[in-house]
Amino acid sequence: MSNPGILIDIRGVDRVYYDTTGRKTEALQNVNLQIRKGELISFIGPSGCGKTTLLRLIAGLDAPQAGQLLLNESPVEKPGFERGYVFQQGALFPWKTVEENIAIGLIARNVYKEKKPLVKQYIDMIGLTGFEKAYPHEISGGMAQRVAIARALINEPKVLLLDEPLGALDAFTRIDLQNTIRKIWKNTRTTIVLVTHDVDEAIYLSDRIVIMTARPGKINEIIEVKLKPERDRNDDEFIILRRRVLEKLHLAGMHIPSRLVDPVELINVLGLGEAI
Amino acid sequence: MEKNKKSKHEVLGSDIGVYWKPKSKIWVAASIATVLLALLVDVLVPNVQFVNPVSYQVFLGGFAAVLTVLWIASRYVGTIRKKLYHKAQFIFAVGIVLALWDLLTTKSGIFKLPFFPGPVQIVDVIVKERTTLLISTYYSMRLFFVGLVSGTLLGIATGILIGWYRQWYYWLFPVIKISGVIPAIAWLPIAIVLLPNSFSAGVFLIAIASWFSVAFMVSGGIASTPKVYYEAAKTLGAGESFLLFHIALPNAVPDIFSGISTATGLSFLTLIVSEMIGAKAGLGWYINWAKAWSAYDKVYASIIIMAIAFSIILAVLTVVRNYVLRWKNGIVQ
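Those sequence lines, one after another, are chains U and D. The numbers in my numbering rise by one with no breaks, and the one at position 44 of the first sequence is 44. The numbers in my numbering rise by one with no breaks, and the one at position 35 of the second sequence is 35.
Quick caveat, the hints were computed from the structure, so don't treat them as lab data. There's no promise every hint is true.
Said to hold, decoys possible - Residues on chain D that point at chain U, a partial pick, calculated with CB under 7 Å: (1) Thr225; (2) Val228; (3) Glu231; (4) Ala232; (5) Trp327.
We put the CB at the ideal spot given by N, CA and C, even for glycine.
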């Protein structure tokens, strides 16, 4: 039954919400998923498909009504530092500087004294040397997300949960941070779970893409991304895969203009004509 | 020429909204002139009331001298120039008012003593009574700080309990809400009877005046901490006490300061009223004592000292607040 390669085991998980009028929303219905140690897996799907809910359940920020979530075979009951979480808007503490924000996990766990040098190491790793004393409102959105990632990683978590961390960033910053995430993943071999609504981002970063459908939130299909480690967004295989994911999402009810699914149109729309 | 003019305007452009007449050079000279005018009026026009003009004349001469020194310094130091130019027109008016006030009182007796002493008499009384005034100020400040600090600490503690624990909120919040609307000074008769001396009664009144406003703001600040901060801290390994002292409390610090600002204002009021009624020392007591002797010049002197002392306290509070909340500078609220 137990498999040493599995880090997180999600078994038959249901999560239902009731709004103030008592109306029921099935955010997740009978979700089964096994996340392997060291992989980078993304959840993608239309809004309301429960991708963020699933991530919050793994983090222990929310609890399922039915089913089980196991991390290394022990049930997830509450949030903990071994499951680092990066929120959509960073959620940096505005009264703390960049280095204080990064150090907060060490302080909370009472290991700051012995692990203090890590702070500088992680600031260097995310390329924010020189901004140690800056306050969150003084840095850009992209820098803030780098700090949020470093803040979670300094605890050396078993899994890093990223909840649309690049959703609010402009296209250039986003690509830049995607490269950073991939580099961090290669260097640390931390298991990463990424929630995204960006197909390219999912393909560029992941080993597996979990496509979800809404109402009720379910896993529709899991696509293995078998691309070479050095990924190229203009590669033929990348474009074919993109088309496949888009088709699946379209069927799953995500509102993508149908013309985007036509590969020739897609190439033109994405401005990739010259690259091929 | 035209181009030159425009660039000058652009350089100063950022100051125009902030400073009053930042470019006008004439008002500094005019302000020194009116201060000297007030001095000349006092020296040249004969008195109808018996006063000792030395202190007032030294004061005006010193004032004019300081302005002149600043005027010279302003040619070299930009920050002094901006502030001096900003204040110049106001000082100009102050000089005229002092001269008129002097003419209407000491010089003519149009406004009668003892209710309307002239500036000469008030400056003279401040200098003559400096020891009593200093001691009174010291007593007032001691009462003020002991009361405000203990009230603020109690307020922060109560605010944390109410903002953090549901059962404290349930039982204590209505009490705070109802007692908070009662002006602290209403407790004066009870405080005087129940507490051993006027000092502890004063501390008690100022402490409760500041307690409620601080407690109210702190509990609100803690309760309004965004949920995502708690969630972020929990996923970083934070426990309950970490959430309170590293997340909720820092988030409430801006509210603590607005609570302290309100508390300071209420404390000034409570301080003076309680000293006027129940105390045997302090500026409030001094006012009451001077009134009994119809020495209204001393009443005015005491009021001026209060204005100076309270303004300094508020200025220091602002500096401390800006330093502690430096992480907020530039955040648009």
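Worksheet item: Given Ala232 (chain D) as an interface hint, is the shortest Cβ-Cβ distance to chain U below 7 Å?
Response: 4 Å, holds
Worksheet entry | Interface hint compliance - Thr225 (chain D) to chain U, C-beta minimum distance less than 7 Å | 10 Å, violated
Fill in: When the least beta-carbon distance from Val228 (chain D) to chain U is tested against 7 Å, hint result
5 Å, holds
Discussion item. Hint Trp327 (chain D) vs chain U: min CB-CB distance below 7 Å?
Written reply: This hint holds: Trp327 (chain D) lies near chain U, its Cβ roughly 5 Å from the closest one there, short of 7 Å.
Worksheet entry | Restraint satisfaction for Glu231 (chain D) [CB to CB of chain U, less than 7 Å] | Glu231 (chain D) check passes; min Cβ-Cβ to chain U is 5 Å, inside 7 Å.
The structure fails hint 1 only (numbered hints given earlier).
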